[in-house]
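4 protein chains.
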Amino acid sequence: MSRKIGVLTGGGDCPGLNAVLRAIVKTAVGRYGWEIIGFRDGYRGLVLNDYLKLKRSNVSGILVRGGTILGSSNRDNPFHFKVEENGEVKYVDMSDQVINNIAELGIECMVIIGGDGTLASARDFAKKGMKVIGVPKTIDNDLYATDTTFGFMTAVNTATDAIDKLHTTAESHHRIMILEVMGRYAGWIALESGIAGGADVILIPEIPFQIKKVAQKINDRKNAGKSFSIIVVAEGAKPLGGEMVVKKTVADSPDPIRLGGIGNYVAEQLSCLTCLETRVTVLGHVQRGGSPSPFDRILATRYGVAAVELIREEKYGMMVSLQGDRITAVTIEEAVHKLKNVPVDGELVRVAKSIGIEFGD
Amino acid sequence: MSRKIGVLTGGGDCPGLNAVLRAIVKTAVGRYGWEIIGFRDGYRGLVLNDYLKLKRSNVSGILVRGGTILGSSNRDNPFHFKVEENGEVKYVDMSDQVINNIAELGIECMVIIGGDGTLASARDFAKKGMKVIGVPKTIDNDLYATDTTFGFMTAVNTATDAIDKLHTTAESHHRIMILEVMGRYAGWIALESGIAGGADVILIPEIPFQIKKVAQKINDRKNAGKSFSIIVVAEGAKPLGGEMVVKKTVADSPDPIRLGGIGNYVAEQLSCLTCLETRVTVLGHVQRGGSPSPFDRILATRYGVAAVELIREEKYGMMVSLQGDRITAVTIEEAVHKLKNVPVDGELVRVAKSIGIEFGD
Amino acid sequence: MSRKIGVLTGGGDCPGLNAVLRAIVKTAVGRYGWEIIGFRDGYRGLVLNDYLKLKRSNVSGILVRGGTILGSSNRDNPFHFKVEENGEVKYVDMSDQVINNIAELGIECMVIIGGDGTLASARDFAKKGMKVIGVPKTIDNDLYATDTTFGFMTAVNTATDAIDKLHTTAESHHRIMILEVMGRYAGWIALESGIAGGADVILIPEIPFQIKKVAQKINDRKNAGKSFSIIVVAEGAKPLGGEMVVKKTVADSPDPIRLGGIGNYVAEQLSCLTCLETRVTVLGHVQRGGSPSPFDRILATRYGVAAVELIREEKYGMMVSLQGDRITAVTIEEAVHKLKNVPVDGELVRVAKSIGIEFGD
Amino acid sequence: MSRKIGVLTGGGDCPGLNAVLRAIVKTAVGRYGWEIIGFRDGYRGLVLNDYLKLKRSNVSGILVRGGTILGSSNRDNPFHFKVEENGEVKYVDMSDQVINNIAELGIECMVIIGGDGTLASARDFAKKGMKVIGVPKTIDNDLYATDTTFGFMTAVNTATDAIDKLHTTAESHHRIMILEVMGRYAGWIALESGIAGGADVILIPEIPFQIKKVAQKINDRKNAGKSFSIIVVAEGAKPLGGEMVVKKTVADSPDPIRLGGIGNYVAEQLSCLTCLETRVTVLGHVQRGGSPSPFDRILATRYGVAAVELIREEKYGMMVSLQGDRITAVTIEEAVHKLKNVPVDGELVRVAKSIGIEFGD
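Going line by line, the protein sequences match chains U, R, P and X.
At position 130 of the first sequence (counting the first as 1) the number is 136 in the working numbering, and the numbers step up by one without a gap.
At position 300 of the second sequence (counting the first as 1) the number is 306 in the working numbering, and the numbers step up by one without a gap.
At position 212 of the third sequence (counting the first as 1) the number is 218 in the working numbering, and the numbers step up by one without a gap.
At position 226 of the fourth sequence (counting the first as 1) the number is 232 in the working numbering, and the numbers step up by one without a gap.
Do not take every clue at face value.
[As the list claims (entries may be wrong)] Below are the DSS-like pairs computed for lysine-lysine, each with C-alpha atoms no more than 30 angstroms apart in a straight line:
hint	chain 1	residue 1	chain 2	residue 2
1	X	321	X	344
2	R	137	U	223
3	X	137	P	59
[As the list claims (entries may be wrong)] Using C-beta positions, here's what the derived DEER-type ranges look like:
hint	chain 1	residue 1	chain 2	residue 2	range
4	X	110	P	362	29 to 35 angstroms
5	X	67	R	246	45 to 51 angstroms
6	X	340	U	67	50 to 56 angstroms
7	U	67	P	81	49 to 55 angstroms
8	X	331	U	88	53 to 59 angstroms
9	R	56	U	67	49 to 55 angstroms
10	X	114	P	37	55 to 61 angstroms
11	X	67	R	55	22 to 28 angstroms
12	R	246	U	67	31 to 37 angstroms
13	U	351	R	62	22 to 28 angstroms
14	P	10	U	332	55 to 61 angstroms
[As the list claims (entries may be wrong)] Short, incomplete list of chain P residues facing chain X, as computed with Cβ under 8 angstroms:
hint	residue
15	33
16	36
17	69
18	153
19	275
20	277
21	361
Since the hints were derived computationally from the structure, they do not count as laboratory data.
This structure is a prediction, so every number in the text was calculated from the model and none was measured.
Glycine is no exception: its CB is placed at the ideal position from the N, C-alpha and C atoms.
So here's chain U without its partners, still in its complex pose (with noise of 0.2 angstroms):
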């Protein structure tokens, strides 16, 4: 029976968006001969009726791609669109049109592949009675139900590279490096690269840090004849009792504006604590790009398949899952607006206390 089904990419793009594409194409288009419609910029080509057919052509050579073909939007809300109208910006809900749109296209199912804000939005669909499939999708793995997702090591070795590139140059000149990584509110990355990388410190929302204590580890590093340091900080760090430091934007903020984020904060603080010189690198949205990792592009397939197998056997309004190393599903009721954060005494951070990683705390 030949079937028909949409599927869009929503949020901020992460390697291995492309990868699930391919699959749910080879698989649904190859294998079954479904027809699949692909929305384009995430809900925006959903509201706006932008879309193309998926053919088989259409995913030749995109495994090793990062982003998206589909392309993403990041704060496209159906139910709370932004539309202009005489210069005016308004806000207004689409989600009916959303409806009206894929009924007259002939839709029975949208694979809807994003994060936390893309899939509130997917399961607000669900309840309009659309029939929906999520796949989970987050650069800094804080989704709560799910245990790996794809993009997310490949932030890790992006990240990683760059504290082994900072290892031999710290090295070499007795001063602290600072790298600032990915994780608004949850440390994951800064945690995992971190202990891949060797680091010296490690700042993560989770464990507000004391400035002082930080200082202290290089200051004993010094005194034990390491005059380099390797601090890792996710954007979202926070000094203990203090305030997530923001980049003002142009947009809000007087003259003179501090654009600096949290890794020059903490710069800052330390060149001053410890007299030694400081460098920062902001990696930015280099975490967000590249070719997926192997590991990447065998999750990301993995949902792909397992997404068309959630249709063929009707269970609508789940979201595939990785649990262990099995592939499950969750209904996506229960995945959204949970955050996974850090365990701040789980076995990771055990870890890396054991082999002398500071965490400020």
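Fit chains R, P and X to the given chain U structure using the hints.
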């Protein structure tokens, strides 16, 4: 309480061995103030009393390095140890010598890092009363009692990188590219790198292949306008009803000899059956080398810390193990001599078949 | 003035071909408003009139990709073109057909990107009155009339990466690791990757080797406490007084056949002469693949821009060339049929010998 | 004849320094039987008589490692050496002390590896009668007297890799991605990585930019359907008529401070002028790190061997240099204090403009 612990690395090397050693030393010496003795070249060092004291300075900077700073030795069995006397080769049981050596050194427990053979000897030493802790190591990921071991993912990365490179040149030239990878008894590297690299055909020891089905797949692709194909073949793959194609060495083969392995065999057969040009890459020990991937560094670090904790808890005779995403412990007894093969109808094979990968079965 | 220019890529592919095409299109179409016609699969497209119009959108995103979007063809000579008629193979001069084809398309000049064979045909077309511009391409860096070509450095990177990986595992295991790399007539890849990777022995076609000298070097290292050695061997290397070891294919060899190349030959000999274990890696076409290195992308871009400028200056019959760090032009006539071998007492070989690398001479 | 030679590495570190040291030791010790003394932390080791004898075992395995096993020191000038006495900082001429130190050690010649500042001191020592040989080092490739130096290409590789990664995520999200790279006075890294990475805009110190022209380029792309742009900006780039945007440090700036550099400045301006989201990556010292590329390893090895040969030929006061693809020597005198800027109408800038890259001029 200061304690004295021995450690050795045995069997073929894997990226991550140094990370295990580093974690053991950082935790045992740095945190608990114990003394760590490292034996050189696997059991050989234990037999010949060849060792060094491992201080924190010895493990500085080794996290990122492949190989093992202790050296290893592939086939030394202390219960059946090869000695040459007056030009004559004999095999002698040196296990009592080993027991004596560590007693004289005051070593109370040995951490044995190795694969199936190395761990089997560890079990035999345990039976003789030695306190041992095992850490699993296998590039092929074929140990039964743990979900994953370090080094495997690095090997998958290396193999996938080779497939990625073959893809571009294959596309430009209408050829069959064959990549022979490690995996004498278990096809995990071929399977995972094949999925990750987008191979068209994967041949593994667990699924004897019919070369005609492989040729059929290639001809189907040709008829669909795809004039190139990528085949990943594990060194232990074999034709249905046939034998493993062994690379003979000069010592055991009459002239003229067949030096090519299964990769060359497949190339030969397919160039005949498809009339397409074939090219073979034999990755060999390149797969054992290189800096461990972040995933493997983290896993190896967790293993090292867990091994020290097992000593503290006096859980001798146990091996650290990864189950799902948790570190746990199993008895060495139940860990050895059980191969973890690719389940021929497990999820990964089914995923691969879903996206159209041919196994020749 | 709008002009119409043709382009093709011939011979074995190289990382950087797409970068040349991109630079030609960006400059010719984007800057000068010309029209570019790309022929598929080398001269085959010219003979069979198989082409597409190359617009800027066609070259978007291809800078980083290996291979060639036009496809290539290894052995098609339009002056001696293989055709099958009634099951019979004939070789026909199709050069007049080619001249007709481009005349009818209104193409005034052809940019021919290729190696020695491809450029020889370009020269022959020039003699028939075709306006041609040559762009040199050789993975082996063995073209006489240019210092370097794109793709070569990427191949050296790939080979060096393999040596780096072999190093760690060799060190841990007291073995001889042999890496067979490309280079049928010229040993540049072996020489440069061997120096860059810290090989102990380099064997190249230009310097016939005595296997006993190689074994001597390995034994000297063993006596000095270094129980491992790395050997890089070009596929065209041969023993002094011996022949090149050819990998026979099923078509031309009686059974039993020797499928292994020079790498296996060297392994066989050395395991006999040194009693050390040997392991062979055959990189094969992996060396032609992958994303071009930044150096190669820049060089390829410079070539592409320079080719367009030669057309503007009406310097037909010329080939772009790198001399020192300057882009210049030479006549295609003087460029073809002159191999650039490794000078056996040139600076690079002397440097290699200075740091103790053995060539077996 | 046995000779005793000293060596030091000064200034900011570069991938390849270890390769130079290795080549010097392998050639001087291994081939000629000389003795090599390595001074620690640049001139500081020479002043404080802090040194070690470099044997072949010291340089084993360092070819692939970034940094310098000797350590370096950024701002120590032996003619104006910072000393603290009774809590007071003074600057003292320690050059006579240095002369004495090496005389007492019996060192007949010093090999000085460093950038402009380090080589200027070498020249001054030469004037005082010291026999010196220079080896040029600059990550920025801005030394006048040599075509290229090691480390630069590795930095270009790192920057290009970041651009490649930014590309995929930029394409998916309709954003301006800004990469700030090294290059305070010369824009070589920005220029070469920008061409290699396919940047849309390159901003370098040699070409003061008009932000409106940059915004125009981005808007032109947007109108042509390309909703993302990649900008590479050298840290020393500055607006036409403006000043270099300095990253102030806590020591020299009143609160509130501007911690962001030129990358943030450009982001701020463009988000205003184009209404597109901008994201900034500041690579920082990651560019100095990592394993040297094969090209840099070979060049560094050639430099090391050439430095030893200059000593043999007693060509003191000379610096090794790469001209085209030949290693030659120039006097240190003519090498120092001449910056090699990007020629604003040289071939590379013209090539970049040919393929549509905007410089803001």
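Status of each hint after checking the structure:
Proposed proximity of residue 321(X) and residue 344(X) is supported: the alpha carbons are some 22 angstroms apart, at most 30 angstroms. Between residue 137(R) and residue 223(U), the direct Cα distance comes to roughly 36 angstroms. Violation of the 30 angstroms bound is thereby established for this hinted pair. About 64 angstroms separates the Cα atoms of residue 137(X) and residue 59(P), which puts this hinted pair outside 30 angstroms; it is violated. The hint said 29 to 35 angstroms for the Cβ distance between residue 110(X) and residue 362(P), and at roughly 32 angstroms that hint holds.
Distance hint for residue 67(X) and residue 246(R): a CB-CB separation of about 46 angstroms, consistent with the stated range 45 to 51 angstroms. The hinted range of 50 to 56 angstroms is satisfied by residue 340(X) and residue 67(U), whose Cβ atoms lie roughly 52 angstroms apart. For residue 67(U) paired with residue 81(P), a C-beta distance near 26 angstroms fails the hint of 49 to 55 angstroms. Between residue 331(X) and residue 88(U) the Cβ separation comes to about 58 angstroms, which falls inside the hinted range of 53 to 59 angstroms.
The hint said 49 to 55 angstroms for the Cβ distance between residue 56(R) and residue 67(U), and at roughly 52 angstroms that hint holds. Here the CB-CB span from residue 114(X) to residue 37(P) is close to 58 angstroms, well matched to the stated 55 to 61 angstroms. Look at residue 67(X) against residue 55(R): about 26 angstroms separates their beta carbons, and that is inside 22 to 28 angstroms. Checking the proposed 31 to 37 angstroms range against residue 246(R) and residue 67(U) shows it holds: the Cβ atoms sit about 32 angstroms from each other.
Between residue 351(U) and residue 62(R) the Cβ separation comes to about 25 angstroms, which falls inside the hinted range of 22 to 28 angstroms. At roughly 59 angstroms, the beta-carbon separation of residue 10(P) and residue 332(U) lies within the given 55 to 61 angstroms, and the hint holds. With 8 angstroms as the threshold, the beta carbon of residue 33(P) comes within range of chain X, its nearest partner Cβ sitting at about 5 angstroms, so the hint holds. Below 8 angstroms, beta-carbon pairs count as interface contacts, and residue 36(P) has one with chain X at about 5 angstroms; its hint therefore holds.
Interface restraint check: residue 69(P) against chain X, minimum CB-CB distance 5 angstroms, threshold 8 angstroms, status holds. At about 6 angstroms, the closest approach between the beta carbon of residue 153(P) and any beta carbon in chain X falls short of 8 angstroms, and the interface hint on this residue holds. A least Cβ separation of about 26 angstroms between residue 275(P) and chain X goes past the 8 angstroms threshold, and the interface hint is therefore violated. Look at residue 277(P): its Cβ only gets to about 25 angstroms from chain X, farther than 8 angstroms, so that hint breaks.
Proximity of residue 361(P) to chain X holds as hinted, the smallest CB-CB distance being about 4 angstroms (cut-off 8 angstroms).
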